[in-house]
Amino acid sequence: MSISREYSRSTAEPIRGSVDANTKVYNLIPVVLAWGFLLAVYVGLRLYQQAFAFKYGLDSTAPVFETYWMSLFKTEIPLIFGAGFVIWAYLWVTRDRNMDALTPEVELKRYFYLVGWFLIYIFAFVWIAVFFGEGDATWHQTVVRDTALTPSHIVTFYACVPLYMVCGVSSLMYATTRLPAFAKSYSVPLLMVVIGPGLILPNLGFNEWGHAYWFTEEIFSHPLHWGFPVLGWTGLALGGLLVQVMSRMAQLFKQLSPADKARVVRSQPAE
Amino acid sequence: MTKNDAAVLTAAELSPQAAKWSRTFDYMIIVIAAFLVMSVTYLNFLLLAGDWDFFIDFKDREYWVLIYPIVQIMMAAAFQAIFWNLFRLPIGATAAALLFTLGVWIERYQSWGGLSYFPITLVVPGTFFAGALILDGMLCITRSFVVTGLFGGVLFGLTFYPSNWAFLAPYFQPVKLMDSVTSLASLMGYTFARTGTPEYVRLIERGTLRTFGSPVWVSVFFSAFVCIFQYFFWWLVGTLATKATFIPVGYRFKQLYGMKDKVQSGGAKPVGAEIKTTGVVA
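Just so you know, the sequences run in chain order C and Y. If you read the first sequence in numbering that gives the first Met the number 0, its first letter stands for residue 0, the second for the next number, and so on. If you read the second sequence in numbering that gives the first Met the number 0, its first letter stands for residue 0, the second for the next number, and so on.
Possibly wrong hints are sitting among the right ones.
[To be verified] Part of the chain C face toward chain Y, derived, beta carbon under 8 Å:
#, residue
1, Q49
2, T74
3, T137
4, W138
5, V142
6, T146
7, T175
8, P201
[Unchecked claim] With a Cα cut of at most 35 Å, we get these calculated DSBU-like pairs of lysine-lysine:
#, chain 1, residue 1, chain 2, residue 2
9, C, K253, Y, K2
10, C, K73, C, K54
11, C, K23, C, K253
12, Y, K19, Y, K2
13, C, K23, C, K108
14, C, K108, Y, K242
15, C, K23, Y, K175
16, C, K54, C, K253
17, C, K253, Y, K19
18, Y, K242, C, K23
19, Y, K19, C, K108
20, Y, K2, C, K108
21, Y, K175, C, K108
22, Y, K19, Y, K175
23, Y, K175, C, K253
[As the list claims (entries may be wrong)] Away from chain C, derived, C-beta distances all over 10 Å, residues of chain Y:
#, residue
24, Y41
25, D50
26, I90
27, L149
28, Y170
29, F171
30, S185
31, R193
32, V225
33, G237
34, K242
Please keep in mind that the hints were generated in silico from the structure rather than gathered at the bench. Only a predicted model underlies this, so the values are computations on that prediction, with no experimental measurement involved. For glycine and all other residues, C-beta sits at the position ideal for the given N, C-alpha and C.
Whole structure, please, built from the sequences with the hints as guidance.
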């Protein structure tokens, strides 16, 4: 039977798939909510900088610095990582303990949720890679630093980096605990995409050490900073990760399509 | 649904419902890809060449012309490889240029202008649109990354300075300052001091040949030469980045993650696993 005849036969009949036609396999509301929350946090932090960076952030020995900046630092670190541990614990405790019994429909839904996690993660990452990243150059090329915990670093490195780390590790945990392909094998691109940018936080040790003992000024292209772009390059592995996701989702799309179902029936030998 | 749409769905073995899911997935991927291109291109440039592009008086003839294209072709080539290898789309370099430009203008306004109150005329960014369009156009026509690297790489470096000349030229107007001749760009630099940046980064032009005229083309040609090798290396990196590699998880971790089927799931089994599960004592 030619393709055109198959098509005319399949479209002449009412379309019924292995899932209900009204089934929603994706839900973008959590992504929108997460984006809204992150946007509010980032805009809030930027406005805080605008209001108090030059006013109270120039002298780290001043009592107002402690009030306005160190208090922010001491609050954001436990808050962000605390929220992260809650999310990670939730993802672990509620993991699927019998993934072999997973139906294609549920698996497809979970893949959409995973892509939703990627959307949240990359949204969090772009804010530091573009927005607060160059903001850090602005601050340190303008103001002479007298501490590692400057108003720019407290926002860029100790709020933005932990935030995207939480999102990245959550993506990794979601994939590992809910999708067979990622549970039975470690995805090298996924590990690179999560661990690489995550290592930017420990790389700060080198950054601060260099600025403490080599030079306090800011030369953004100095080798002292090369760890950041090198770790950022691991983001390119998102290409390989999307190939992994796309390959499986393409199979699931076909598996859940009535056209595929009809093809299987037609290929069976006549009795 | 048109007849053509239905034929496409039949060929793709997709129901209309699945096609709708697939299209939604496409949109999600486009957003992820756009943010990825923007963030990685930006981070790479910011920390490898950012200083020479932040300020108008840092855009010198020795290093800005040399370093800017060499650094920007890295991600242009990597994303070209990713988009071309996965989707046969010759848009990687242009996407990098477009999204970088979008990000950099937002940043120059909100950060350099908004936070530190530098005039925008002092922090106008450079652009590599011309080179990016040439790279993508050449890949589209030749369908060969070798030809694109050899000729597109050269043109990427060569076109950078001319394509930035239009906005840069006015800053090279001579002005008299305390009985000395300087450029308008330098005058702005003297006026708006950047206390956290060592002055030696800016005053970098050295050499004797420049006394006899502008040696900028020497930098341009050197940059074009390096761009060829950069292109090939980063095309390779982009190609490697699209490898969908899995490493099998060990037996115990697999069980911990919820995979019960030992045979189907693959992965290494520990020594003695069969003995425990079957109850046979050796």
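Taking the hints in turn, this is what the structure says about them:
| no. | hint | verdict |
| --- | --- | --- |
| 1 | Q49 | holds, 7 Å |
| 2 | T74 | violated, 22 Å |
| 3 | T137 | holds, 4 Å |
| 4 | W138 | holds, 7 Å |
| 5 | V142 | holds, 6 Å |
| 6 | T146 | violated, 13 Å |
| 7 | T175 | holds, 6 Å |
| 8 | P201 | violated, 17 Å |
| 9 | K253/C - K2/Y | holds, 20 Å |
| 10 | K73/C - K54/C | holds, 20 Å |
| 11 | K23/C - K253/C | holds, 16 Å |
| 12 | K19/Y - K2/Y | holds, 17 Å |
| 13 | K23/C - K108/C | holds, 8 Å |
| 14 | K108/C - K242/Y | holds, 24 Å |
| 15 | K23/C - K175/Y | violated, 70 Å |
| 16 | K54/C - K253/C | violated, 60 Å |
| 17 | K253/C - K19/Y | holds, 12 Å |
| 18 | K242/Y - K23/C | holds, 31 Å |
| 19 | K19/Y - K108/C | holds, 14 Å |
| 20 | K2/Y - K108/C | holds, 29 Å |
| 21 | K175/Y - K108/C | violated, 68 Å |
| 22 | K19/Y - K175/Y | violated, 66 Å |
| 23 | K175/Y - K253/C | violated, 73 Å |
| 24 | Y41 | violated, 5 Å |
| 25 | D50 | violated, 5 Å |
| 26 | I90 | holds, 14 Å |
| 27 | L149 | holds, 23 Å |
| 28 | Y170 | holds, 19 Å |
| 29 | F171 | holds, 23 Å |
| 30 | S185 | holds, 17 Å |
| 31 | R193 | violated, 5 Å |
| 32 | V225 | holds, 16 Å |
| 33 | G237 | violated, 6 Å |
| 34 | K242 | violated, 5 Å |
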